[in-house]
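Student: Here are the chains, one letter per residue:
Number of protein chains: 2
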Amino acid sequence: ATPPKPARLGLCAACHGETGIAQIPGAPHLAGQKADYLREALRQYRDGRRKAPIMQAAIGPVSEADLDELARWYSQQAPAKAQP
Amino acid sequence: ATPPKPARLGLCAACHGETGIAQIPGAPHLAGQKADYLREALRQYRDGRRKAPIMQAAIGPVSEADLDELARWYSQQAPAKAQP
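Heads up: the protein sequence lines correspond to chains A and B, in order.
Taking my numbering, I'd label the letters of the first sequence as residues 1 to 84.
Taking my numbering, I'd label the letters of the second sequence as residues 1 to 84.
Incorrect hints may have been included.
In this list, chains with the same sequence are indistinguishable; a pair is considered to hold if it fits within one copy or across any two.
As the list claims (entries may be wrong) - SDA-like cross-link-like pairs, simulated, lysine to any residue; straight-line CA separation at most 25 angstroms: (1) Lys81 / Pro28; (2) Lys51 / Asp68; (3) Lys81 / Asp66; (4) Lys5 / Ala58; (5) Lys81 / Pro3; (6) Lys81 / Arg49; (7) Lys51 / Pro3; (8) Lys81 / Asp36; (9) Lys5 / Gln56; (10) Lys81 / Asp47; (11) Lys51 / Ala78; (12) Lys5 / Thr19; (13) Lys51 / Pro6; (14) Lys5 / Cys15; (15) Lys5 / Glu40; (16) Lys81 / Ile21; (17) Lys81 / Gln56; (18) Lys5 / Met55; (19) Lys81 / Ala58.
Derived by calculation from the structure, the hints in this document are not laboratory data.
Chain A extracted, bound-state conformation:
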């Protein structure tokens, strides 16, 4: 079953889409990505260990609970079809 929509999904969705299909050039698809990878990526952005200006501006002081909710949401979406 799909988990409930994360409270903080809106800002993510602007670039990555509500269902993890990227909406803008440069943004990766997140749909079907491993939850543990997404969780760790979010932590790295939050803590400044992974640097990408857009992500660092967008993420703010995300809690472990919010971050977990987002990682689970996107990992459970149906991935994009293979593409050129």
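Since chain A is already given, all that's left is putting chain B on it; use the hints.
Tutor: Same frame as chain A, now just chain B:
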């Protein structure tokens, strides 16, 4: 049509799988990811702008041609099913 297997696929495949389905915890799936994102990620690892010890150790002096071949290969693989 699937592109020819990249010359440098072997080392990538140890963690990300030949078809981009990750084989180890912590490694992301690459199958069906956007080619432009993969290309830029590889450049960032190569140039030290994105830091992840395993990737920095593995990548070496990858050429633009090799990097492009790998990005196209993985972007054209069928993505993983959504998962918990």
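Student: Within a copy, between copies, both or neither: which one fits Lys81 and Gln56 at a CA-CA cutoff of 25 angstroms?
Tutor: Neither way: Lys81 and Gln56 sit 28 angstroms apart in one copy and 29 angstroms across, limit 25 angstroms.
Student: Classify it for me, Lys51 with Ala78: is the Cα-Cα distance of at most 25 angstroms met within a copy, between copies, both or neither?
Tutor: Cα proximity of Lys51 and Ala78: none, with 27 angstroms in one copy and 29 angstroms across.
Student: Within a copy, between copies, both or neither: which one fits Lys5 and Gln56 at a CA-CA cutoff of 25 angstroms?
Tutor: within (22 angstroms within a copy, 35 angstroms between copies)
Student: My question is about Lys51 and Pro6: at a cut-off of 25 angstroms on alpha-carbon distance, are they close within one copy, between copies, both, or neither?
Tutor: For Lys51 and Pro6, only the intra-copy Cα distance (24 angstroms) is at most 25 angstroms; the inter-copy one is 29 angstroms.
Student: Check Lys5 against Glu40 for me: Cα-Cα at most 25 angstroms, and say if that holds within a copy, between copies, both or neither.
Tutor: Intra 20 angstroms, inter 30 angstroms, cutoff 25 angstroms: intra-copy only.
Student: At most 25 angstroms between C-alpha atoms: does Lys81 with Asp47 qualify within a copy, between copies, both, or neither?
Tutor: Classified as neither; 32 angstroms inside a copy, 30 angstroms across copies.
Student: Which holds for Lys81 with Ala58 at a C-alpha limit of 25 angstroms: within a copy, between copies, both or neither?
Tutor: The answer is neither: 27 angstroms in one copy and 28 angstroms across copies each exceed 25 angstroms.
Student: When Cα atoms must be at most 25 angstroms apart, do Lys51 and Pro3 count as within-copy, between-copy, both, or neither?
Tutor: neither (29 angstroms within a copy, 32 angstroms between copies)
Student: Reference check for the pair Lys81 and Pro28, CA-CA at most 25 angstroms: within, between, both, or neither?
Tutor: both (13 angstroms within a copy, 17 angstroms between copies)
Student: Pop the pair Lys81 and Pro3 into one bin, within, between, both or neither, using alpha-carbon distances up to 25 angstroms.
Tutor: Both ways: Lys81 and Pro3 sit 22 angstroms apart in one copy and 16 angstroms across, limit 25 angstroms.
Student: As a check of your reading, is Lys81 near Arg49 (CA-CA no more than 25 angstroms) within one copy, between copies, both or neither?
Tutor: neither (31 angstroms within a copy, 29 angstroms between copies)
Student: Pop the pair Lys5 and Ala58 into one bin, within, between, both or neither, using alpha-carbon distances up to 25 angstroms.
Tutor: within (18 angstroms within a copy, 37 angstroms between copies)
Figure legend: structure checked against the earlier numbered hints; hints not met, in rising order: 6, 7, 10, 11, 17 and 19.
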